[in-house]
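Q: Given the coordinates of chain Z, assemble chain U onto it according to the supplied hints.
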Amino acid sequence: MPFIVERSDFGQFFTVLKGMGYEIIGPRVRDSAIVYDRLGSVDDLPIGITDHQDKGVYRLRRRDDQALFGYTVGPHSWKMYLFPPRMRLFSAERRAGNLEVVEERHEPRRLAFIGVRACELHAIQIQDRVFLHDIFKDPVYEMLRKDVFILAVSCTVSSSTCFCTSMGTGPRVGPGYDIAVIEVLKPVHHFLVEVGSSLGGEVLSNVRHREATREEVESATQLVESNARLIGMRRSMDTSNIKELLYSNYGSKHWDEVAERCLACANCTMVCPTCFCSTVEDVVDLKGEHAERWRLWDSCFSNEFTYMHSGTVRRSTGAKYRHWITHKLASWIDQFGTSGCVGCGRCITWCPVGIDITEEVKALQRDGGVVVEEEAVR
Amino acid sequence: MGMHAYGGRYDVGVNAVEDRVGGMGGGVHGANPYLPRICRVRRVKRETYNTFTIDVEADGFRFMPGQFNMLYAFVGEVPISISSDPDNHEFISHTIRSVGHVTRALCSLRAGDSVGVRGPFGNPWPIKEHEGSDIVVVAGGLGLAPLRPLMYHVLANRARYGRVFLLYGTKTQRDILYRSELARWRARFDIDVHVTLSRADGRWHGNVGVVTSLIPRVHVDPMYASAFICGPEVMMRFVARELLNLGLDANRIFLSMERNMKCAVGLCGHCQFGPEFVCKDGPVLAYSRIASLLNVAEV
Numbered sequence: 001m002p003f004i005v006e007r008s009d010f011g012q013f014f015t016v017l018k019g020m021g022y023e024i025i026g027p028r029v030r031d032s033a034i035v036y037d038r039l040g041s042v043d044d045l046p047i048g049i050t051d052h053q054d055k056g057v058y059r060l061r062r063r064d065d066q067a068l069f070g071y072t073v074g075p076h077s078w079k080m081y082l083f084p085p086r087m088r089l090f091s092a093e094r095r096a097g098n099l100e101v102v103e104e105r106h107e108p109r110r111l112a113f114i115g116v117r118a119c120e121l122h123a124i125q126i127q128d129r130v131f132l133h134d135i136f137k138d139p140v141y142e143m144l145r146k147d148v149f150i151l152a153v154s155c156t157v158s159s160s161t162c163f164c165t166s167m168g169t170g171p172r173v174g175p176g177y178d179i180a181v182i183e184v185l186k187p188v189h190h191f192l193v194e195v196g197s198s199l200g201g202e203v204l205s206n207v208r209h210r211e212a213t214r215e216e217v218e219s220a221t222q223l224v225e226s227n228a229r230l231i232g233m234r235r236s237m238d239t240s241n242i243k244e245l246l247y248s249n250y251g252s253k254h255w256d257e258v259a260e261r262c263l264a265c266a267n268c269t270m271v272c273p274t275c276f277c278s279t280v281e282d283v284v285d286l287k288g289e290h291a292e293r294w295r296l297w298d299s300c301f302s303n304e305f306t307y308m309h310s311g312t313v314r315r316s317t318g319a320k321y322r323h324w325i326t327h328k329l330a331s332w333i334d335q336f337g338t339s340g341c342v343g344c345g346r347c348i349t350w351c352p353v354g355i356d357i358t359e360e361v362k363a364l365q366r367d368g369g370v371v372v373e374e375e376a377v378r
Numbered sequence: 001m002g003m004h005a006y007g008g009r010y011d012v013g014v015n016a017v018e019d020r021v022g023g024m025g026g027g028v029h030g031a032n033p034y035l036p037r038i039c040r041v042r043r044v045k046r047e048t049y050n051t052f053t054i055d056v057e058a059d060g061f062r063f064m065p066g067q068f069n070m071l072y073a074f075v076g077e078v079p080i081s082i083s084s085d086p087d088n089h090e091f092i093s094h095t096i097r098s099v100g101h102v103t104r105a106l107c108s109l110r111a112g113d114s115v116g117v118r119g120p121f122g123n124p125w126p127i128k129e130h131e132g133s134d135i136v137v138v139a140g141g142l143g144l145a146p147l148r149p150l151m152y153h154v155l156a157n158r159a160r161y162g163r164v165f166l167l168y169g170t171k172t173q174r175d176i177l178y179r180s181e182l183a184r185w186r187a188r189f190d191i192d193v194h195v196t197l198s199r200a201d202g203r204w205h206g207n208v209g210v211v212t213s214l215i216p217r218v219h220v221d222p223m224y225a226s227a228f229i230c231g232p233e234v235m236m237r238f239v240a241r242e243l244l245n246l247g248l249d250a251n252r253i254f255l256s257m258e259r260n261m262k263c264a265v266g267l268c269g270h271c272q273f274g275p276e277f278v279c280k281d282g283p284v285l286a287y288s289r290i291a292s293l294l295n296v297a298e299v
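So the protein lines, in turn, are chains Z and U.
Once you know that position 72 of the first sequence is 72 in this note's numbering, the rest is easy, because the numbers rise by one and skip nothing.
Once you know that position 175 of the second sequence is 175 in this note's numbering, the rest is easy, because the numbers rise by one and skip nothing.
Chain Z on its own, in the form it takes in the complex:
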């Protein structure tokens, strides 16, 4: 049963969550971009701001209204908070040949994510699968994830880079949220609110709300549906047989063609909400008595990524891009049962040369292109 929360009451979500001990993280403007950062109140949201996105283009613009969520996704994703870019795993002490390892004690944080989009909720669930539901669990992710409160937003606006409808991830928010809202600007600014968990119900019970009428539900839903149609018309990816498409194109000449454009800068992997690769750095003090092991985000576009004593496995940019897109769209399915792509379009926007994952898939589909370099053995 959906509810209505008026714009003037929306700020109560912040005060209620803060009162429950949550640290509120959400979108705000910083460095000419909408990033995910600590929010003090509803006024910290990018009110009346939108983003213009295209291949290799990101610009903020002023809207002619006071929408709270009138933009799409920026360079940050929630993995900033669940899978921090830099984290100490343990410390060690060494005295006279004796080692002692000290486990990292993480301060428990109760995070409330405000403004999680449908594609991003899918991305969080994909990382849940990677970090929590495999043979081994990531204890850091588990600790950060377990108490997260999610206030999700179904998108009524989209960027030209969005293709969630192709990936089946949006723009309507799916299961996994505590509270989901649709922002309605006219005639009166309000939010259609749905409750997805008992915790969400508890929060809403402390925010002024009323039951939604059928007309209100329908008109809000319409906004999301017409946005979905727009997204589907503007950009799409045909995902039928996509695994087979990529697996059969290891030998394609197309990768050399991509390599002429790709800078191997790793931007796509940094902004991707599902990319989970990391490396570790061991730091030792000058006396050789204290050491720390840090985990850092890593990218399959670096040479060090596949370095072994016998050399780097993926040296060419073509092989690196092939690995990235094949992992994202094909081997991810074998590894984790889902695609690794949620159609958020970040990799398209933040690619400095505007390489577009949907276009690269289309190129492979056009070529139908199996150009095998070496004959397969039996």
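Accuracy of the hints is not assured; some may be wrong.
Claimed, not checked - To be clear about the criterion: a stretch of chain Z counts as covered by chain U if any three or more of its residues have a C-beta under 8 Å from a C-beta of chain U, and this derived list gives those stretches:
no., region
1, 87 to 96
2, 99 to 105
3, 134 to 147
4, 277 to 283
5, 328 to 337
Unchecked claim - List time: in silico SDA-like cross-link candidates among lysine to any residue, alpha-carbon distance up to 20 Å:
no., chain 1, residue 1, chain 2, residue 2
6, U, K128, U, H101
7, Z, K137, Z, R109
8, Z, K287, U, L109
9, U, K45, Z, G97
10, Z, K287, U, H101
Quick caveat, the hints were computed from the structure, so don't treat them as lab data.
All residues carry an ideal CB built from backbone N, CA and C; glycine is no exception.
A: Same frame as chain Z, now just chain U:
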């Protein structure tokens, strides 16, 4: 166990996983898999001019042939396959070539020092599933180390296997690992051990050439033979081809793959080889499962 013999993509069932990760005292399962356990070094033995074997006190540690540990030496951590007898419950061995700053630090350890250990990790050689088969073991260079536990297992259960061949190729005479053991194994009448050097001088009376040059000496029933290969990737590719030419089934040829590894638990992404995480799906993989990838450069 959840693994079936001769399978292509053999299923890692829950039981198999428990078996695999249960080795370390309390086990890594559920606990923090990033945290090394501190173990006592029992002995450091020089094997060759640049290779050392470090024995650490087992202290309840169990593993299966083909699995590896992450060894932490304060300045960093490296994956090292376990090279001791799986039935030896006193200590576990790691044979290490001193090539980088972490392996140098490991090789400079002395008895009584402590070292960090995470493990055991990885999919083992499915040797128990291949009882009743002829066994072909092919090692290149340091690749003999992860095959040594398999050899111990086969020799300890000799009656359960058919003919057993060990082919070992290395660069020069001074690179030969486990000399006394090889000599002991060669003296046995129930296994065939062949060693080849790619470069030799007048003091060497054995075969000269790459390890594939030893394949004609393998006399097995190809219908009932299983092969276990470890060495440089290019060597494994050619050995597998030769064994297929002998008539062996691609489902019964197993390779131990190597890739960059950081976490060893399938979470850091480094070791991917197509859809396989070499750390948790491998390092041991059936040839049939990875043959097409092995023929593509830079996967």
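Q: All hints, please: hold or fail.
A: The hints, checked one at a time:
| no. | hint | in the structure |
| --- | --- | --- |
| 1 | 87 to 96 | holds (count 4) |
| 2 | 99 to 105 | holds (count 4) |
| 3 | 134 to 147 | holds (count 6) |
| 4 | 277 to 283 | holds (count 5) |
| 5 | 328 to 337 | holds (count 4) |
| 6 | K128/U x H101/U | violated, 37 Å |
| 7 | K137/Z x R109/Z | holds, 19 Å |
| 8 | K287/Z x L109/U | holds, 18 Å |
| 9 | K45/U x G97/Z | holds, 18 Å |
| 10 | K287/Z x H101/U | holds, 17 Å |
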